[in-house]
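**Student:** Based on the sequences and whatever the hints tell you, model everything.
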Amino acid sequence: MSYSDKVIEHYEQPRNVGTLDKEDPNVGTGLVGAPACGDVMRLQIRVNPDTNVVEEAKFKTFGCGSAIASSSLVTEWVKGKTIDEALTLKNSQIVEELNLPPVKIHCSVLAEDAIKSAIADFRKKQQSRSAHSSPTAQSVQPEAE
Amino acid sequence: MSVKLPIYMDNAATTPVDPRVLETMLPYFTEKFGNAASRSHSFGWVGEEAVEYAREQLAKLIGASSDKEIVFTSGATESDNLAIKGVANFYRSKGNHIITCKTEHKAVLDPCKRLEKEGYEVTYLQPDAQGRVTPEQVRSAITDKTILVTLMLANNEVGTVHPIGEIGKVTREKGVLLHCDAVQGVGKIEFDVEQMNVDLASISAHKMYGPKGVGALYVRRSKPRVRIVSELDGGGHERGMRSGTLNVPGIVGFGKAAEIALREWRADAARVYALRERLRKKLFDALESVHLNGADDPQRLPGNLNVSFSFVEGEAMMMAIKDVAVSSGSACTSASLEPSYVLRALGVDEELAHSSIRFGLGKFNTDEEVDYVADLVIRNVERLREMSPLYEMHREGIDLKSIQWTAH
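These protein sequence lines map, in sequence, to chains Z and V.
So in the numbering used here, spot 80 of the first sequence is number 80, and the numbers just go up one at a time.
So in the numbering used here, spot 154 of the second sequence is number 154, and the numbers just go up one at a time.
Check before you lean on any hint, since a few could be wrong.
What the hints assert, rightly or not - Simulated restraints, written as ranges between beta carbons of each label pair:
#, chain 1, residue 1, chain 2, residue 2, range
1, V, Arg278, Z, Pro102, 34 to 42 Å
2, Z, Ser2, V, Ser93, 45 to 53 Å
3, Z, Thr88, V, Arg114, 48 to 56 Å
What the hints assert, rightly or not - The calculated lysine-lysine pairs, modelled on BS3-like cross-linking and capped at a C-alpha distance of 30 Å, are:
#, chain 1, residue 1, chain 2, residue 2
4, Z, Lys6, Z, Lys90
5, V, Lys322, Z, Lys58
6, V, Lys68, Z, Lys6
7, Z, Lys124, V, Lys401
8, V, Lys106, V, Lys145
9, V, Lys169, V, Lys223
10, Z, Lys6, Z, Lys124
11, V, Lys174, V, Lys68
12, V, Lys102, V, Lys85
13, Z, Lys22, V, Lys401
14, Z, Lys124, Z, Lys79
15, V, Lys60, V, Lys174
16, Z, Lys58, V, Lys401
17, V, Lys174, V, Lys113
18, V, Lys169, V, Lys106
19, V, Lys401, Z, Lys116
20, Z, Lys6, V, Lys4
21, Z, Lys22, Z, Lys116
22, V, Lys223, V, Lys85
23, V, Lys102, V, Lys145
24, Z, Lys90, Z, Lys58
What the hints assert, rightly or not - Coverage of chain V stretches by chain Z, computed from C-beta distances (three or more under 8 Å per stretch; other residues unrestricted):
#, stretch
25, 303 to 313
26, 348 to 359
27, 375 to 388
No lab work stands behind these hints: they were computed from the structure.
The beta carbon of each residue, even a glycine, is placed where N, CA and C say it ideally should be.
**Tutor:** Written as structure tokens, this is what we have:
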């Protein structure tokens, strides 16, 4: 397997590796994939609830170099975007930017799923907060989809 | 002390040619280029003489009672095909049942699958968690239709050594032929076709510091005399079992590699074992959650270290240590996206199969290389674990098995 320079660059210098407080009502967490499949991505975003702009994005990924590069790239892309803009992100854009071969397209699909899942988690928290007017602690369980 | 990069630690895939082997081969490309089948001139006689000398060396290495029992081929895949299909076709009237194991090489499993399509029946024995099948398993699988048992001497991925000597007692007693794919074990561990009652054995030159493109099939000539149907029709070379002009330089190199192995294998094995243990201890001492795949010594090849680094995917690991040649059971290294069938047959967790790395130590590796690789691997496992959501969850005490993952 040979990698594109961009995959290698993201893999060697990954952006935004880390963890946000998943209990924070303004943080959305997406955990997708499965250890048995060889890929698990956790993508977290901190959203400004007044502007809906993604102010911070962090990831941790168990997976091959292309999976790590895809998640690193996505954290860069969503930062500064509104969540509605972030939702328009397509896996094909990741494939194009990282020059992923066909056998690695599932990595880009997973990254798209991760961002969608993180936004869904954030929205759920916001809804339950406005419903109960108090922050609800989310469990560590990933979205079962 | 600095080491030269890249470092080769994939000696189960292939080995470099020993310089002494190369030196022996060289004249046979140029001035001694004759066709070993040319009977009418000295060019041919010189070629034939060299081939017959190599045949003797090979016979000695595996304990064959006659050098006529060695059939040269293009490599172990051809030897495995010739043995399995050759026996199946010749003994068809006697029976149609073959016994093998789930962890055999594809060069054994795929011929078996083809024979199944042609009406043969194949039993795929289930190995234990270390990758071993027992003589009792073989005994209870034998029926009155069984014509062949085919089991490897040692596994290419996990290095597990099968009790071929014990299994040979069973097959001999039952009057069933035993074929052994001995590729990974010859020249590294004890192998003797007479002592072990092996009837056919596949060997490859490039796994024992010889050249690529040449192998051999041992075919027993007495007690019992084994007959096979040839795969290639043609000039009737190799006593009709393998037509085709002999690869004289390759065979000369193979013979030299066998001669060196016969003389030096014990010392080499001890040194390679020490290298592997040095690597294993360093990795296990420095890192938590490292799992050894395969068997414990002495049921393990001296040079094989197959380990899973939990929470780190194998391909990402190989990318991190790109100056070190190793291989992985991770799905991502193959086109199939399925992790290694060998590890799955051993019941290794899929997550751990994705996290496996095979180090294949060889006689040309050094202590300095092992130290360099150990440090590099440790640093990168730590780096990738810091990037791994699974490791973070593990540290928080979350049982990864309790989570409903979204399969994709």
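**Student:** Taking the hints in turn, state whether each one holds.
**Tutor:** Checked hints:
1. Range check, V:Arg278 to Z:Pro102: about 41 Å between beta-carbon atoms, so the 34 to 42 Å window is met.
2. In this structure the hint that Z:Ser2 and V:Ser93 lie 45 to 53 Å apart at CB holds, the actual value being about 51 Å.
3. The hinted range of 48 to 56 Å is satisfied by Z:Thr88 and V:Arg114, whose Cβ atoms lie roughly 51 Å apart.
4. Distance restraint check for Z:Lys6 and Z:Lys90: the Cα-Cα separation of roughly 18 Å lies within the 30 Å cut-off, and the hinted pair is therefore satisfied.
5. Between V:Lys322 and Z:Lys58 the alpha-carbon distance is near 26 Å, which keeps this suggested pair within the 30 Å criterion.
6. For the given pair, V:Lys68 sits about 57 Å from Z:Lys6 by alpha-carbon distance, which is inconsistent with the 30 Å threshold.
7. Between Z:Lys124 and V:Lys401 the alpha-carbon distance is near 25 Å, which keeps this suggested pair within the 30 Å criterion.
8. At most 30 Å may separate the alpha-carbon atoms for a hinted pair to count; V:Lys106 and V:Lys145 meet this at roughly 24 Å.
9. With a C-alpha separation of about 13 Å, the suggested pair V:Lys169 and V:Lys223 falls inside the 30 Å cut-off, and the hint holds.
10. For the suggested pair Z:Lys6 and Z:Lys124, the alpha carbons sit about 34 Å apart, so the restraint of at most 30 Å is broken.
11. A threshold of 30 Å between alpha carbons decides the hint, and for V:Lys174 with V:Lys68 the separation of about 26 Å falls inside it, so the pair holds.
12. A hinted pair counts as satisfied when its Cα atoms are at most 30 Å apart, and V:Lys102 with V:Lys85 qualifies at roughly 18 Å.
13. With a C-alpha separation of about 20 Å, the suggested pair Z:Lys22 and V:Lys401 falls inside the 30 Å cut-off, and the hint holds.
14. Taken as a hint, the Z:Lys124 and Z:Lys79 pair is honoured in the structure, with Cα atoms around 20 Å apart against an allowance of 30 Å.
15. At roughly 27 Å between alpha-carbon atoms, V:Lys60 and V:Lys174 fall within 30 Å of each other, so this suggested pair holds.
16. With a CA separation close to 24 Å, the supplied pair Z:Lys58 and V:Lys401 stays within the 30 Å bound.
17. With a C-alpha separation of about 24 Å, the suggested pairing of V:Lys174 with V:Lys113 holds against the 30 Å cut-off.
18. Distance restraint check for V:Lys169 and V:Lys106: the Cα-Cα separation of roughly 26 Å lies within the 30 Å cut-off, and the hinted pair is therefore satisfied.
19. Between V:Lys401 and Z:Lys116, the direct Cα distance comes to roughly 24 Å. Compliance with the 30 Å bound is thereby established for this hinted pair.
20. Proposed proximity of Z:Lys6 and V:Lys4 is supported: the alpha carbons are some 27 Å apart, at most 30 Å.
21. For the hint linking Z:Lys22 to Z:Lys116, the alpha-carbon distance of about 16 Å falls within 30 Å, and the restraint holds.
22. As the CA atoms of V:Lys223 and V:Lys85 are separated by approximately 21 Å, the hinted pair is consistent with the 30 Å bound.
23. A distance of roughly 20 Å separates the Cα atoms of V:Lys102 and V:Lys145; the hinted pair therefore holds under the 30 Å criterion.
24. A C-alpha spacing of about 19 Å is found between Z:Lys90 and Z:Lys58, which places the hinted pair at or below 30 Å, so the restraint holds.
25. Given a C-beta distance limit of less than 8 Å, the hint that chain Z covers the stretch 303 to 313 of chain V holds, as 3 residues qualify and 3 suffice.
26. Coverage of the stretch 348 to 359 of chain V by chain Z holds [criterion: at least 3 residues with CB-CB distance below 8 Å; count 4].
27. Chain Z is given as covering the stretch 375 to 388 of chain V, and this holds because 3 residues of the stretch bring a CB closer than 8 Å to a CB of that chain, at least three being needed.
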